[in-house]
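Chains as they are written, first to last, in the working numbering: chain A, 1 to 164; chain B, 165 to 851.
This list has only true hints and no planted wrong ones.
In silico lysine-lysine, PhoX-like type, Cα no more than 20 Å apart, as pairs:
1. K695(B) / K729(B)
2. K195(B) / K279(B)
3. K280(B) / K375(B)
4. K68(A) / K35(A)
5. K588(B) / K440(B)
6. K35(A) / K695(B)
7. K796(B) / K768(B)
8. K68(A) / K40(A)
9. K35(A) / K67(A)
10. K555(B) / K40(A)
11. K68(A) / K695(B)
12. K695(B) / K67(A)
13. K280(B) / K200(B)
14. K40(A) / K695(B)
15. K247(B) / K311(B)
Which bits of chain B does chain A cover? Going by a derived footprint, with three or more residues having C-beta under 8 Å, they are:
16. 406-415
17. 560-570
Here's a subset of chain B near chain A, in silico, CB distances under 7 Å, partners left out:
18. S513
19. L514
20. L529
21. V533
22. V536
23. A537
24. S540
25. F544
26. R552
27. T554
28. K555
29. I556
30. S557
Don't read these hints as lab results, they were simulated from the structure.
Computed from a predicted structure; not experimentally measured.
Here a beta-carbon is modelled for each residue, glycine too, at the ideal position from N, C-alpha and C.
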Amino acid sequence: MGPGNLFSRLAPVLALGAILLSVSLAQGQSSDRAKQVGSKMVCMCGCGQVLTECNHIDCPVGPVMLKKVDQRISSGESDDLLLQSFIQEYGEQVLAEPPAHGFNLVAWLIPGIAFGAGLALVIVVIRQWRNRTVRRDLAPASGPPISAELLERGRHQADRETDD
Amino acid sequence: MDLFGSFALLLAFLCGIYAFCAGIAAIRTRKPLLIKSARHAGMAVCVLVWIGFASLAYLFFTDNFSMAYVVEHSNRTLATFFKFPAIWAGQEGSLLFWSFLLSIYVFSALFAYRKKHPELMPYVGVVLAGIQLFFLTLNNFIASPFKVMGMAGPGGVLQWVSRGDGQGLNPLLQYPEMIIHPPVLYSGYTGFSIPFAFALAALLGRYPGEKWIHLTRRWTMIAWGFQSAGILLGAHWAYAVLGWGGYWSWDPVENASLMPWLTGTAFLHSVMMQEKRGMMRVWNVWLVFTTFLLTILGTTLTRTGLVSSVHAFAQSDIGPWFFGFIGLGFVVCLVAFWKNRDYLRSDNSLDSLVSRESSFLFNNLILLVAVVAVLSGTLFPVLSEWVRGTKISVGAPFFNRVNLPIGLFLLFLTGVGPLLAWRKTSMASLRRNFGGPLAIGVVAGGVSVALGLRNFYVILCVILSVFVTLTILLEFYRGARVISARSGSNLLFSAGTLTMRNTRRYGGYIVHFGIVLIFIGISGTAFNQDKQMEMPVGAQMDIGPYHLTHQAFDTTQETNYSTEKATIAVDRDGQQMIMLYPEHRFYPSNQESGTMVAIYSTLKEDLYVVYAGRSPDTNQPVIHAYLNPLVKWIWLGGAIVILGTLLALMPNQQPSFALRTTEGRVPVPGSPAMAPISVSRYESPHE
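Throw the hints in and build the complete structure from the sequences for me.
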């Protein structure tokens, strides 16, 4: 039996092995990818949970959606295409987070704007308070000398102000 | 008993009107008898609400199925244990429960200060009566739990009927934690009414000084403690019952409980600025107002279905009432503030940028940004629908991404803030207090990278957790060392003495340590694993270091439900660790199902096993197993937060006098050897 014959006899076995390997690899990949893509969507049963986390008993929607994800990944669809097909079917609501464009950008910007505005406010407040302290320190000392009673009261106040 | 209960509530409503009106008249006329009368009416409202609530409880425990509310939320076979959560399982009962808890606070406040603060208390009584009136309006006229079952009889005359059995309780609520979670969380929500009432009263009555702050400190801490415990219990319930492997999903109802907690936390910190320095009066008043209004917004979100939630068990068209109340409350606060804004004027001044005052400003800024982020994310779907006509989802990925950096910055401030001195902190003090902990924190971060950690936020969390823990330990050590040197007792005992001498300060540090543990627990989420497969009896599954074997599968019939239960043997390194029994229950009374998750919990990780039902294709049991690292640290941290809060609520122990004697000498009165040894209070070096 020549090498050509051996190859021709083994070819179907090798082909079958290759197919099985590729299918099993594809299944492994699709499972991981399905989780990754599924985590970008919410279950449309109304629970509002991320698709891969929706675990309601007898949920009529989640398992169907996950199966579709698996099928589309198996058929070689890219993540973007897959998400687009779900958006077409369920609307933009299927995405777990608002896409960062158009009006939805507002959702992403609000915390940043709040932080920026708050920080600006804190800086202005600190400046005002600092200026007041400087003015107070620059003001010439006047009035009668401090009595022992006043000094004691001051000590008590300092004590109170530093006990926490 | 139904008539008795509804009559008690109606009477409470009338008394509430009297307490409110008589209170206003008393404020105007200053007649002592009228003040007393309004107070007594306020207290009577509370007693009548208790009677109303007790009546409803009685109807549940006696299986009175002539009442519509009892029919909807209970049945004869429901375990007595679960008749408690059934009381507040629906809209009507939970609103009455709110009134009930609120009335406990109101009665306590009116009784505790009945002979004190005569200038302030009439205002407080009016504000509290106003809040109670709103809820009593709902209890009596909008969502009464005392509606009877009826049907048209001969001639169209309505006849009372009694059902043989009820529809049963939602399976998700048939879990022991549901007996304590709602009362604890509601105690937090309702508790914030007291500081709100005092703040508004002080503003309306132009009550001098910071007295209202001192009066409400403990009330605020009690409410905050309940809110913290309630949130954690809710998270634990979600973890143990919902069966999705997590404890926090940024659900609108979860967010609703978090928001007042965040503003309450900001208030607990910034209030110290007012106490110590007379600063931030306007800010503090608005923080209290916001916290109260957020508690009402929270319950509004739960009930109105404005945003969808898995936790919203009681939805109806009650929304306009709540929005009306929030609007009215805001207008009252705004008008009171505007008319009395000069009363809140304070002489704010800052000696140094590096000071406790600055750290509190940043702490408040970050907490408020967190509130804005959570609130905007929660309500953005509604906004989107309103503006574009398209509803979108804002789920956990959004909130995690936005709030993770905010949370870590707060953790950083938790370590930094307490060690900065009031007014000014020198650079030498900064180096002394932070140098060591920061260096060790960075080393810990380096070690975690060397061990294979690659997630940036987790590494940052490790660094900050070590840093904050060390700063807290150093504070205890320094104080304990001084006491130990003076009293001769060991360091551990001295640390206890130190804590009891300034419970607020050291209780606060313990709370901070609890928060650190919670952060450590949350960071474990980055390493979660899960696996789901069909597992007929005899099948095996490997997840992490655990080997699971499905040993048996039983179907049993219990009194109130039928159950399918898998018996899973868990091995590790060839040794049997534990047997787990995940269940799937079916409740025929309301045709609903529920899970009972089986959890093997260690400090390192939780093995979390869910029986996810049968496969539709093969009818074989499906097991979903999760490996969730460090979850136990969250519950442990929560317990420490509560412990710290309780400690901070305790009064300070006064230092006792003792005589220090020199060995071999008899102390002579008046001599230096006879010195009081623990009189001098410990001061941080930087102070």
